[in-house]
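Undergrad: With full-length UniProt numbering applied, the sequence shown closes on residue 419, and no number is skipped along the way.
Keep in mind the hints are simulated off the structure, nothing from the lab.
Treat the numbers as computed from the prediction; the structure is a model and nothing was measured.
Virtual Cβ for every residue (Gly too), placed ideally from N, Cα, C.
Do not take every clue at face value.
Derived Cβ-Cβ restraints for the label pairs, each shown as a range [claimed, not checked]: (1) Ile38 - Ala233: 43 to 49 Å; (2) Pro391 - Pro155: 41 to 47 Å; (3) Leu225 - Leu337: 18 to 24 Å; (4) Arg229 - Asp306: 45 to 51 Å; (5) Val240 - Ser273: 23 to 29 Å; (6) Leu330 - Ser273: 21 to 27 Å; (7) Asn78 - Ala233: 47 to 53 Å; (8) Asp306 - Leu225: 40 to 46 Å; (9) Gly384 - Ser247: 35 to 41 Å; (10) Pro155 - Val41: 41 to 47 Å; (11) Pro142 - Ala233: 48 to 54 Å; (12) Gly31 - Ser230: 39 to 45 Å; (13) Thr274 - Val240: 30 to 36 Å.
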Amino acid sequence: MAALLILVILTQRVGIPGVPFIGMTTVLILGWVAAAAICHVICLDRLRFCWWLAMGGVTGVAMLLQQAWLPNADISVNAWLLVLAVWLPFTFRLVDTGRAGFVLLLRYLTRTTVVLAVATLAMVGSQLAGVQYVDVVARVVPPSFLLEGFNTLIPIFYGSPIYKGTAWIGLEPSITSAFLGLGLLAALLSRSSIWAIVVLIVGLVATVSGSGVVLVIGGVVVLLLSRARSILAPYWFLGVLTVVATSLTTFGEVLLSRSTEVQSDNSSAALRSTLPYEVITPQWISDPLAMVLGWGPGSSQRVVNDSGLVGLLVPTPVKIFYEYGLLAGLILAGMFLLAFWGGPSRTLSVPLLLTLLLLQPGLTTAIITVPVLALVTLWSPRRGPQMEDDPDGLAARAPNVDDETWPRPPGRIVSSSAR
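Please model the complete structure; the sequences and the hints are all you need to start from.
TA: Next up, the structure:
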């Protein structure tokens, strides 16, 4: 599982030659699922598999009705097949969904994202030191294999010669930010080193993107409202000090200024949250029959392309109901929501759900859906209570992990069963 996340992070900029906007990530995930199933690491989850079959059947029938009854329907069979392919892995679950394995995954994720944060800081720090940015990935990967259509290089503000941190390998700063945010939550849940927390916070600020910040805020709120809120205590002082210190830098100031940019037209936040509804909804409601049946798979992206708004995204609810209508869309939405049910940690599943619903195109973009698969769906149905309902279990040691090299925060608890 950890190997899958590492591979996805490393190859997120690699695409499939001749196939625009679809990354190698989709192929890697399907390959991992096939290998894991053959090795009996995962098995089919009957409920999710039946729902996936229903989703495929109902949306397939919807396409036929769109073609027959909507002359202006814009149908892409490939877009429909992509939805089925991206969500096929979500029909599986791990054979062993125990707590120890999940804690082990959290610790591997923490270490991986700490390395990612260090690389992000190295990328930004080298630019601040006067070293001209060089796209290392573009020099190594053939142009035909580079994924296009994403904003990989973005200045920290208009006219700045400094690019936002992506660790060179990130598809976009927002995606790097999201992985660092998840790593920060994983570090909290696994009670990792205080210094790991600091590195992740500083790396998160260096991306100058709010995606990871939203995940962290959501996860911390969930923790504060749970019985496990005490695990945050060892991190408060140094964590708050780091946040305050970084907020005084240019990167922190730019990031803070973005907290209200959703109110500004053509801002990054508006392009993800409000503008898609303003652009697409009028066309969706223009035909009552289209509201019921949808305008066809892939049609929302073409509306976005025709709008002329660079960077405009298609949020998950818009894509579902604009393309598949109310009838088939409800089945598709059910499959989407089912992926978040029964996971081992609300601290991860709740922020991921809100982010994919409100801010990210989380229906067909595998690099965005893979954290849900790895951290929530494959562990569902979980064994035992959620981590937030079992505070002592948060400190349970995972097997075969030598974490003694990671300094423990004061007050770290190790359950008696794990000693």
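Undergrad: Each hint: holds or not?
TA: Evaluation of the provided hints:
1. Ile38 - Ala233: 43 to 49 Å: Since the Cβ atoms of isoleucine 38 and alanine 233 sit about 45 Å apart, the hinted range of 43 to 49 Å holds.
2. Pro391 - Pro155: 41 to 47 Å: Roughly 44 Å apart at Cβ, these two residues keep to the hinted range, so it holds.
3. Leu225 - Leu337: 18 to 24 Å: The hint (18 to 24 Å, Cβ to Cβ) holds, given that leucine 225 and leucine 337 are roughly 21 Å apart.
4. Arg229 - Asp306: 45 to 51 Å: holds (48 Å)
5. Val240 - Ser273: 23 to 29 Å: holds (28 Å)
6. Leu330 - Ser273: 21 to 27 Å: 23 Å Cβ-Cβ, so the 21 to 27 Å window holds.
7. Asn78 - Ala233: 47 to 53 Å: Since asparagine 78 and alanine 233 have Cβ atoms about 51 Å apart, the given range 47 to 53 Å holds.
8. Asp306 - Leu225: 40 to 46 Å: holds (43 Å)
9. Gly384 - Ser247: 35 to 41 Å: holds (39 Å)
10. Pro155 - Val41: 41 to 47 Å: holds (43 Å)
11. Pro142 - Ala233: 48 to 54 Å: Since proline 142 and alanine 233 have Cβ atoms about 50 Å apart, the given range 48 to 54 Å holds.
12. Gly31 - Ser230: 39 to 45 Å: holds (41 Å)
13. Thr274 - Val240: 30 to 36 Å: At 31 Å between Cβs, range holds.
Checked against the numbered hints listed earlier, the structure breaks none of them; every hint is satisfied.
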